Amino acid sequence: MGDVKRLRVEQSPAEREFGEAALRCIDDVARFAHSLARNGDDADDLVQETYLRALRSRHTFRHGADMRRWLFTICRNVFLRTLERAADTVALDGDPRDDTYAVVRLHGDLVASGEDRLVDHIDVGPAIIRALDALPPVFRAVIVLVDMEGYDYSEAADTLGVPVGTVRSRLFRARRLLQESLRTVARDAGIGKAVHHQHGSMPA
Amino acid sequence: MTNTSDTDSDVAVFDCRETVRRLWDYLDHQLSDAEVREVDAHLAHCEQCPPHFTYERAFLDAVRAARAERGANARLRERVRGMLGLDRPDVNETPRAAGRADD
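Top to bottom, those sequences are chains A and B.
Going by my numbering, the first residue of the first sequence is number 17, and it counts up by one from there.
Going by my numbering, the first residue of the second sequence is number 166, and it counts up by one from there.
The hints are simulated quantities; they were obtained by calculation from the structure and are not laboratory data.
Hints are supplied without guarantee of correctness; some may be wrong.
[To be verified] If you want the footprint, here are the derived chain B segments under chain A, 3+ residues with CB under 8 angstroms:
hint: 1; segment: 182 to 192
hint: 2; segment: 222 to 236
hint: 3; segment: 241 to 251
Nothing here was measured: the structure is a model prediction, and the numbers come from that model.
No residue lacks a Cβ here, since even glycine has one placed at the ideal position from N, Cα and C.
My request is simple: use the sequences and hints to build the entire structure.
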């Protein structure tokens, strides 16, 4: 995707400052791209195209503005224009708080099975990433923006180009799905068994 | 969970179901001050609900911590660095020791 060769060799101080600020956001942009794209290669392509367009549009970036947010918006727009537009829509019926109630019931199941200490397990980080990857992109994106990058609902809504209420409903559903997925991933990885053994709880 | 309610104070206290339905809004600081007081009032006397809030807060902490598991891999970082015309590492940039764990 796109021409990734360097556009110029000689830089002004402002251009270098822009480049350095943009590069400092690359881990954040990569995480967001991963939340949108189907796989690692597509995500890397998306990141490169994002930076290429950012470079071409750097005259529109206001000094002192939020670079990460600006890059996220470009990334989302690139994604919508070039990759999986259809995947950015999903219909969620009902009250989002029903999903909240569902995660509480799931927690009750985890307590009963002795897996409730899963979130404290040393290996839960990679398991969370694998569980996150198993979710549809619309749900991954809100988890990454709100729960990982620390955006509030309004900032996430602006970045994704959806209403705040949509962010909220997607987020609640996403957390429910992530916890269900995490339980499966952790069991497959043997984390659940380790938790059982460590705490002497009854098996599920 | 039990359906408990409290009429001992001026604060209308939710029962367990209504309290846990507000769990994410509560943890995400999306409730009004009055609603927060109502949830807090329930949590103060309920035995069943506080563990759910504690667990979900730990879940959110774990997700936030998992952020470090993913970022740009070294190859991508260098390609973008080249695009931006930045040949030398920026002293202000925090290097990622292991790159992306899932590639």
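Here is how each hint holds up against the structure:
Proximity of the segment 182 to 192 of chain B to chain A, defined as three or more residues with a beta carbon under 8 angstroms from a beta carbon of that chain, is established by the 7 residues found. Closer than 8 angstroms: that is the beta-carbon criterion, and the segment 222 to 236 of chain B has 14 residues meeting it against chain A, so the requirement of 3 holds. Check result for the segment 241 to 251 of chain B against chain A: holds, 10 residues qualifying (beta carbon to beta carbon below 8 angstroms, three or more required).
Checked against the numbered hints given earlier, the structure satisfies every one of them.
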